[in-house]
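Let the hints inform the model, and build the full structure from the sequences given.
Number of protein chains: 2
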Amino acid sequence: MKVACKIWLDNKGKAFGEGPCELLKRVGKSHSLHQAAGEMGMSYSKAWKLIRTMEKRLGVSLLARKIGGNSGGGSQLTAEAKDLVDRYERFRRDADRAVEELFQRHFGDL
Amino acid sequence: MKVACKIWLDNKGKAFGEGPCELLKRVGKSHSLHQAAGEMGMSYSKAWKLIRTMEKRLGVSLLARKIGGNSGGGSQLTAEAKDLVDRYERFRRDADRAVEELFQRHFGDL
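Same order as they appear, the protein sequences are chains U and E.
Mapping the first sequence onto the numbering used here, position 97 (from 1) lands on 97, and the numbers just tick up by one.
Position in the second sequence (from 1) plus 1000 gives the number in the numbering used here.
Because the hints were derived from the structure by calculation, they are not lab data.
Fair warning: there could be bad hints in the mix.
Straight-line C-alpha distance at most 30 Å; calculated DSS-like pairs for lysine-lysine [what the hints assert, rightly or not]:
#1 Lys2(U) <-> Lys1025(E)
#2 Lys82(U) <-> Lys6(U)
#3 Lys49(U) <-> Lys1002(E)
#4 Lys1082(E) <-> Lys46(U)
#5 Lys6(U) <-> Lys1006(E)
#6 Lys1012(E) <-> Lys2(U)
#7 Lys1025(E) <-> Lys6(U)
#8 Lys66(U) <-> Lys14(U)
#9 Lys1066(E) <-> Lys1014(E)
#10 Lys6(U) <-> Lys1082(E)
#11 Lys14(U) <-> Lys1025(E)
#12 Lys2(U) <-> Lys56(U)
#13 Lys1046(E) <-> Lys14(U)
#14 Lys1014(E) <-> Lys1046(E)
#15 Lys46(U) <-> Lys6(U)
#16 Lys1056(E) <-> Lys2(U)
#17 Lys1002(E) <-> Lys82(U)
#18 Lys1025(E) <-> Lys12(U)
#19 Lys1046(E) <-> Lys2(U)
#20 Lys1006(E) <-> Lys46(U)
#21 Lys25(U) <-> Lys1014(E)
#22 Lys1002(E) <-> Lys25(U)
#23 Lys1002(E) <-> Lys29(U)
#24 Lys66(U) <-> Lys1025(E)
#25 Lys2(U) <-> Lys1082(E)
#26 Lys1002(E) <-> Lys14(U)
#27 Lys1066(E) <-> Lys14(U)
#28 Lys1002(E) <-> Lys56(U)
#29 Lys14(U) <-> Lys1012(E)
#30 Lys1025(E) <-> Lys49(U)
#31 Lys1014(E) <-> Lys6(U)
#32 Lys56(U) <-> Lys1006(E)
#33 Lys14(U) <-> Lys1006(E)
#34 Lys1066(E) <-> Lys49(U)
#35 Lys1066(E) <-> Lys6(U)
#36 Lys1056(E) <-> Lys12(U)
#37 Lys1006(E) <-> Lys25(U)
#38 Lys1056(E) <-> Lys1002(E)
#39 Lys1066(E) <-> Lys12(U)
#40 Lys1046(E) <-> Lys66(U)
In this text, all values refer to a predicted model and were calculated from it rather than measured experimentally.
Structure, rendered in structure tokens:
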């Protein structure tokens, strides 16, 4: 028996969680929302809507358009998006550890 | 901004969580799976399948058939089911508190 959990930020609806965090991290690497969405088996339009919904609920911009350059432009993470990814990952590590410890305390003998 | 979470026990698939806990508590009060399911807007057959799946994954019986009596029989919780409901509720209270504290620590300034 194991414990599993999903944890998300909520502001009148899901504002940020594991899926969005993964998507942003992939955009940060590939500088392409199209590629990041594809890697996660998500359509570009779904990924785009997800980003817009999060931006609205979080009240910050997450993606900045990079125009031109060698790669012909693309998307990059705003400072706020990078900060959010870092915080969420630290928060998740701590929360997963706390939940696991409490699971052992309450169900360890099962 | 708030934090929200779902926490469940897993044994090669969801074995117990918030919905099942609610269902069992309602069966414990009404002694009727039919009524408990209805109160949660769930079909009887879906509730029955959910109970059977949990019993398989948990490896314990959750409902005992009460035959006859004034009420004409019905379902009651096994000792294992009552123990599980109690543990899960205590676990959830502790886990929700821990997650909330960590959320404040990591996102309190947002």
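Verification of the hints:
1. Restraint check for Lys2(U) and Lys1025(E): satisfied, since their Cα atoms lie roughly 22 Å apart, inside the 30 Å limit.
2. With a C-alpha separation of about 21 Å, the suggested pairing of Lys82(U) with Lys6(U) holds against the 30 Å cut-off.
3. The hinted pair formed by Lys49(U) and Lys1002(E) meets the criterion: a straight-line CA distance of about 22 Å does not exceed 30 Å.
4. Proximity of Lys1082(E) to Lys46(U) is assessed by CA-CA distance (about 43 Å); at most 30 Å being required, the pair is judged violated.
5. The hinted pair formed by Lys6(U) and Lys1006(E) meets the criterion: a straight-line CA distance of about 5 Å does not exceed 30 Å.
6. For the proposed pair Lys1012(E) and Lys2(U), the alpha carbon gap of about 9 Å is at most 30 Å, so the pair holds.
7. Proposed proximity of Lys1025(E) and Lys6(U) is supported: the alpha carbons are some 23 Å apart, at most 30 Å.
8. Of the pairs offered as hints, the one joining Lys66(U) and Lys14(U) holds, with about 27 Å between alpha carbons and a cut-off of 30 Å not exceeded.
9. Under the criterion of a C-alpha separation no larger than 30 Å, the hint pairing Lys1066(E) with Lys1014(E) is consistent with the structure, at around 27 Å.
10. Taken as a hint, the Lys6(U) and Lys1082(E) pair is honoured in the structure, with Cα atoms around 25 Å apart against an allowance of 30 Å.
11. Taken as a hint, the Lys14(U) and Lys1025(E) pair is honoured in the structure, with Cα atoms around 28 Å apart against an allowance of 30 Å.
12. The hinted pair formed by Lys2(U) and Lys56(U) fails the criterion: a straight-line CA distance of about 35 Å is larger than 30 Å.
13. Of the pairs offered as hints, the one joining Lys1046(E) and Lys14(U) holds, with about 27 Å between alpha carbons and a cut-off of 30 Å not exceeded.
14. Between Lys1014(E) and Lys1046(E), the direct Cα distance comes to roughly 15 Å. Compliance with the 30 Å bound is thereby established for this hinted pair.
15. Pair hint Lys46(U) plus Lys6(U) holds up; C-alpha atoms about 21 Å apart against a cutoff of 30 Å.
16. Of the supplied pair hints, the one linking Lys1056(E) and Lys2(U) holds, its CA atoms being roughly 15 Å apart against a limit of 30 Å.
17. With a C-alpha separation of about 20 Å, the suggested pairing of Lys1002(E) with Lys82(U) holds against the 30 Å cut-off.
18. Restraint check for Lys1025(E) and Lys12(U): satisfied, since their Cα atoms lie roughly 29 Å apart, inside the 30 Å limit.
19. Among the hinted pairs, Lys1046(E) with Lys2(U) is consistent with the structure: their alpha-carbon atoms are about 24 Å apart, no more than 30 Å.
20. A hinted pair counts as satisfied when its Cα atoms are at most 30 Å apart, and Lys1006(E) with Lys46(U) qualifies at roughly 24 Å.
21. Between Lys25(U) and Lys1014(E), the direct Cα distance comes to roughly 28 Å. Compliance with the 30 Å bound is thereby established for this hinted pair.
22. Our distance criterion of 30 Å between C-alpha atoms is met by Lys1002(E) and Lys25(U), whose separation comes to about 22 Å.
23. Pair hint Lys1002(E) plus Lys29(U) holds up; C-alpha atoms about 29 Å apart against a cutoff of 30 Å.
24. With a C-alpha separation of about 55 Å, the suggested pair Lys66(U) and Lys1025(E) falls outside the 30 Å cut-off, and the hint is violated.
25. Distance check on the hinted pair: Lys2(U) and Lys1082(E) sit about 20 Å apart at the alpha-carbon level, within 30 Å; holds.
26. A hinted pair counts as satisfied when its Cα atoms are at most 30 Å apart, and Lys1002(E) with Lys14(U) qualifies at roughly 10 Å.
27. Between Lys1066(E) and Lys14(U) the alpha-carbon distance is near 43 Å, which puts this suggested pair outside the 30 Å criterion.
28. Under the criterion of a C-alpha separation no larger than 30 Å, the hint pairing Lys1002(E) with Lys56(U) is consistent with the structure, at around 15 Å.
29. Between Lys14(U) and Lys1012(E) the CA atoms are separated by roughly 27 Å; this keeps the pair inside 30 Å, and the hint holds.
30. Using a Cα cut-off of 30 Å, the hinted pair Lys1025(E) and Lys49(U) is violated, with the two alpha carbons roughly 39 Å apart.
31. The straight-line distance between the Cα atoms of Lys1014(E) and Lys6(U) is roughly 13 Å, inside the 30 Å bound, and the hint therefore holds.
32. A threshold of 30 Å between alpha carbons decides the hint, and for Lys56(U) with Lys1006(E) the separation of about 23 Å falls inside it, so the pair holds.
33. The suggested pairing of Lys14(U) with Lys1006(E) holds, with an alpha-carbon distance near 13 Å, which does not exceed 30 Å.
34. For the given pair, Lys1066(E) sits about 52 Å from Lys49(U) by alpha-carbon distance, which is inconsistent with the 30 Å threshold.
35. Restraint check for Lys1066(E) and Lys6(U): not satisfied, since their Cα atoms lie roughly 37 Å apart, outside the 30 Å limit.
36. For the suggested pair Lys1056(E) and Lys12(U), the alpha carbons sit about 37 Å apart, so the restraint of at most 30 Å is broken.
37. Taking the CA atoms of Lys1006(E) and Lys25(U), the gap is near 23 Å; set against the 30 Å cutoff, the hint holds.
38. As the CA atoms of Lys1056(E) and Lys1002(E) are separated by approximately 35 Å, the hinted pair breaks the 30 Å bound.
39. Distance check on the hinted pair: Lys1066(E) and Lys12(U) sit about 44 Å apart at the alpha-carbon level, beyond 30 Å; violated.
40. Restraint check: the Cα-Cα separation between Lys1046(E) and Lys66(U) comes to about 50 Å, which exceeds 30 Å; the hinted pair is violated.
Going down the numbered hints, you'll see the structure goes against 4, 12, 24, 27, 30, 34, 35, 36, 38, 39, 40, while the others check out.
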